[in-house]
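Student: Sequence lines, in order, name chains S and R. Numbering follows my numbering, in which position 134 of the first sequence is assigned residue number 134; successive positions increment by one, without gaps. Plus 1000 on top of the position in the second sequence (first one is 1) and you've got my numbering.
Read the hints as simulated data drawn from the structure, not as lab findings. C-beta: ideal position from N, C-alpha, C; glycine also. The reader is advised that the hints may include incorrect statements.
Unchecked claim - Derived list of chain S stretches under chain R, where covered just means 3 residues or more per stretch with a C-beta under 8 Å from a C-beta of chain R:
#	segment
1	160-173
2	196-203
3	216-230
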Amino acid sequence: MKNRTLTFSIFRYNPATPEIKPHMQSYQLDETTGMTVFVALNRIREEQDPSLMFDFVCRAAICGSCAMLINGKPRLACKTLTRDYGSKITLMPLPVFKLIGDLSVDTGTWFRHLSIKTRAWIHTNKEFDPKALEERMDNATALEIYEPERCIECGCCIAGCATANIREDFLGAAGLNRVARFMVDPRDHRTEQEYFEVVGSDEGVFGCYGLMACDDNCPTQLPLQWQLAFVRRKMAVAGLKR
Amino acid sequence: MLDTGISPQRSIGRNPRMDLYLDLAQLISGFLLVGFLWTHMVFVATIIIGVNTFNSLAQFLDDYYLSYVGIPFIGLVALIHVIVVCRRIPNRYQDYWRHARTIMHFDTWTWIFQVVTALGIAFLAGIHVFLVIMGWPIEADTSAARMHAFWWFYLVLLILGEYHAGFGIYRQFVKWGWIKRKTIGFALKSITVIIVALGLAALWVFVQLGGALR
Ligand code: SF4
Ligand code: SF4
Ligand code: FES
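This is chain S alone, in the form it adopts within the complex:
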């Protein structure tokens, strides 16, 4: 195959130099075999422009820090092969999250806020006994908990979600998925009604339009449609009961 020359059109803005307005900047690069957008960005930074800002840690689709809009769609740069695209690729930072600079956004603060808002930890009345054997959990329940726990907090489902783009307080698929995980956990003693207070509103599950951009864009393919529908049904029952 003949080597292509790729043109990357990249969003540039550094909040530290506000006099330079946000703009798109183009870079050209020879494509190499198996090149990912992550590899391309590193080469651009090394060979052409050391000021380019973007995030990565694991380069293996595990840490969730390299998410960006690739040709408009939320994707992980390290998991996206350039050969699946045409020779012109547009890169934008994820919307919704606070911009750190260029392609780098602060997902951390958002997700921390989410954890606090949904109280994403086990709530129990039980006294912890360090000497006792750990309580057993059946395998099916454990799997049901592990599945949503695979979320890498990349923010793709939030950036792709029309609702999250429109209303700031929307928990999004990642948030509702997180709550779903605690709902099935037998160690968590929160009642349905207590969950309802947190997610039984337009900020939570009833704000979702059901457009499934989250489900289509999650790089770890979490079953977000299932999770959202599960929370919705559970919250509808809880709300009608009282």
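On the provided structure of chain S, position chain R with the ligands as indicated by the hints.
Tutor: Leaving out everything else, chain R with the ligands in the frame of chain S:
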């Protein structure tokens, strides 16, 4: 006490279950309207069997006052649906538009068409109901004359209505259900194709009759 993140300050004033009720109202009114639309199309399609079948069905609905209960009831449901659904329209629709243009995501686009078709339906269906009531009772020859003259109007209404119903119900299944999106999408597309075909056939028959019955 478990610290569950509930803020007592917000528990006063607004009914905490309001968002749920509105969502359910949207679901139920939507299903009723789709149910009505599909039955309506099947009823109209009796014209394909024959003028007499159509007339006796209309007569039957009239005699047992089903039309007199049904029409205002559906009108009310439609009104509720409109009111409830309006809350979904973003304050700044430009935001939604910009977002849809950026991420180029199919389902996100269909939602915009959902709003557009809704406006079209509200307008056209209003005229349609007005015309039908003005020409009461429903009979094949008045209907035929109407459709003969305004076939394009009915063609547009048919397509808008079916599109809106099809995608609306699809989205409700996706939101609440445990059926795969592909499966439910396929089922609804099939139903929609059948109903549109029925509608087109009925429209065709009416337009032919329109000339003959005059
Ligand atoms: S399905 Fe709901 S959470 Fe997912 S993208 Fe759509 S509105 Fe957002
Ligand atoms: S649910 Fe998926 S898309 Fe959303 S943050 Fe987690 S891994 Fe990313
Ligand atoms: S660098 Fe960790 S997910 Fe891409």
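Student: Test coverage of the segment 160-173 of chain S by chain R using CB-CB distances below 8 Å; three residues minimum.
Tutor: It holds: at least three residues are needed, and the segment 160-173 of chain S offers 4 whose Cβ sits within less than 8 Å of chain R.
Student: Count the residues of the segment 196-203 of chain S whose Cβ falls closer than 8 Å to any Cβ of chain R, and tell me whether that reaches three.
Tutor: With 6 residues close enough to chain R, the hint holds.
Student: Given as covered by chain R, does the segment 216-230 of chain S meet the bar of three residues or more with CB within less than 8 Å?
Tutor: holds (count 6)
Consistency note: the structure conflicts with none of the earlier hints.
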